[in-house]
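Undergrad: Kindly produce the complete structure, drawing on both the sequences and the hints.
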Amino acid sequence: MKKNIVWLASYPKSGNTWCRVFLSNYLNKTKETVDINNLQIGSIFSSKHIIEDNTGLDISEYTENECDELRNFAFTKWAENFDDFAFFKTHDAYLPLDSGENMFPVKSTKAAIYFIRNPLDVTISFANHLACTIDKSTNRLCDKNFSIAASKKKFNQQVRQKILSWDLHVKSWTEQNDFPVLVIRYEDMLLNPQKEFKKILKFLKIKTDNNKLNSAIKNSSFDKMKLLEKKTGFKEKPSSCKKFFNVGKSGYYKEILSENQIKKIIKEQKDSMKKFGYL
Amino acid sequence: MVNNISFCYFLKKHYTYSAFGLIISSEIEIPEFVISKEKSNVTICYGNVPKTLKKAEHEGFRYQISKNEFLIKYSTWATYFVCNGEKVIIQPEKNADERDIRAFILSTVIAIVLHQRGLLPLHTSGIVYKNKGVLFAGNSGIGKSTIAIALNKKYKYKFISDDITVISEQNAAPIIYSSFPSVKLWQDSLDMLKISNNKLPLIRKDVNKFRYNTNTDFYSGILNPYAIFVIENNVQNKVEIIEIKGVEKFNIVRNHIFRAKMIKELYSNEHFKLLTLFLNSAKCYKILRPKDVNTINELSSMINKIIKKV
Amino acid sequence: MDKKYVRKKELLSSRMDNEIVMMHPESGKYFALNPVASRIWDLLETPHNLNELIEKLLKEFDVSEETCCKEVSAFLKEMSEKKLVVISEQG
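Residue numbers (this note's numbering), protein chains in the order written: chain A, 1366 to 1644; chain B, 12 to 321; chain C, 746 to 836.
Since the hints were made in silico from the structure, they are not lab data. Note that the structure is a prediction, hence the values are computed from the model and not measured. Just so you know, nobody snuck in bad clues.
Keeping only pairs whose Cα atoms sit at most 27 Å apart, straight-line, the calculated DSSO-like set for lysine-lysine is: (1) K1600/A <-> K297/B; (2) K1517/A <-> K302/B; (3) K1518/A <-> K1602/A; (4) K1602/A <-> K297/B; (5) K165/B <-> K1518/A; (6) K164/B <-> K1518/A; (7) K167/B <-> K1519/A; (8) K78/B <-> K753/C; (9) K284/B <-> K774/C; (10) K1595/A <-> K1607/A; (11) K1639/A <-> K1614/A; (12) K205/B <-> K1518/A; (13) K302/B <-> K1596/A; (14) K1596/A <-> K249/B; (15) K216/B <-> K1519/A; (16) K1519/A <-> K164/B; (17) K1394/A <-> K1563/A; (18) K143/B <-> K164/B; (19) K275/B <-> K753/C; (20) K1600/A <-> K302/B; (21) K66/B <-> K774/C; (22) K275/B <-> K1367/A.
Covered stretches of chain B, going by a simulated chain A footprint (3 or more residues, C-beta under 8 Å): (23) 67–79; (24) 297–306.
Note that the Cβ used here is the ideal one computed from N, Cα and C, for glycine as well.
TA: Given below as structure tokens:
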């Protein structure tokens, strides 16, 4: 069994896709800019397609818990197709199965990178993503039992993902001891991408080539992504959401959130906000 | 021929059904199937299943498969053993829900029976036009069942199949067997079709998908092929239907062999023969439609026009 | 140069409009032939040598003898490598 999985983990809207596009460009052997609709890095841990390909099963009529039981097996097997690094994206909170067994393929895991962003900004971006009001996205961000892709009305391309509240999500990943985790703040990526992406490369023991680094940063910049999305669309965008790459700034909550919304988030998410410098 | 008369036959009640061109004798009641009085060629019964297959060619998550044998364990409700396209043995777990047991007979298990018999089960729904079959293929959740029911409700096409449609051969010509009258629909499809979920049974205990019976709108029998539509998502926000010709027909329909990921290439010779035979008498179209947008009226009207044009 | 080529017997093949799809039963590999290649494939139902093929194709397609010869040779080479055609034993 290979020990090559690197989790690109985050609460939604926290810079995960940015890093995937960066790594795709940095590790890309050709000189061309990678196609955002064909990213080779970071297939998502909730993909039914990957679970079905690697178990041989059809899970369209499985319960959510039955699907979860297959994820460890499927992604262990899927990781065998990669060499040194199998980068998998996930928004799941780091949780075991109800039975206590690992849902994540811990034995095949090398490390995780955890992306974190100020929840006051996250809630605005999350509202855009879910095409709902900020009050609603704020309630979800604070909901200790929140799951995504959990609609029981229709078939989902992804299995249900328990993401819990923002604070519990952060704790689940940053306080586990199964493998090393590097925490990267979205705000630091915006401020000094060179420094943060270098940190990631160093953590993964990937050689840093400054020319490649700069060009990969250029090719994964927010403005470039926004432009590409306008031109070709982005297949990872939920259909109800207008633009996946929306604002991408930090601190813009000050102009948008109401006092009550800010109060609620600070009150309920303060542990991790304090710990990671947002308070 | 295998002698199907096993001991349980005399002691236990059994039901005889016709589906997919097979006559199935079952110890488990399967109300979704049509009752038959003919002599059975497939039996389904409870019993002890082998621990492993003697010669498995592939293994997946808790299943093993060879050309003539198949064994799968679903952790919470049952283990199924299928052999020679003639016999299904089910060993249920304690407190297993009969709906769960049945749901997988109606999909994976019956599909393996069909594969073992050298037939070609396609992952399609189907309707009838002038004694010919029109099929709708596509990945799970794409709307195969919904479009078949919409065409039935709006334009009175009879219904032949939901998830699985089986292709066979008779006198060197391709034929389609009707499956059974019941359709599985998610709530959002029921909403689109304006069908109330009131009194509709769930397909499984904890899966919110409903069984809808097409009753008198079901056509039972053998059909010649007419056309196959392969439904895919469109990145663009519009509905398009394109006719496919040449080898691409083969390539895109081959992706929709039922349980292809499970059986790998075990039956590829049989499938090649039947699929090319089928495609030589069926027109093939690709439907591109925007994801998660209700286009059912537009789509059914476009398809109706294509079917009816001479 | 007199080698006669013929289709490999065990191959499964079928016409799809004016193209041909084939499957190699042992390897399970699939092959597709475009319309021109499909015509050559039709001819190879019975053994043909290179010259016989060229002669027939020149009558049907608007192509110079030189180009035709080059293309057909390359086609036969590729088909032989993929074990889709064999040298006829009668030939």
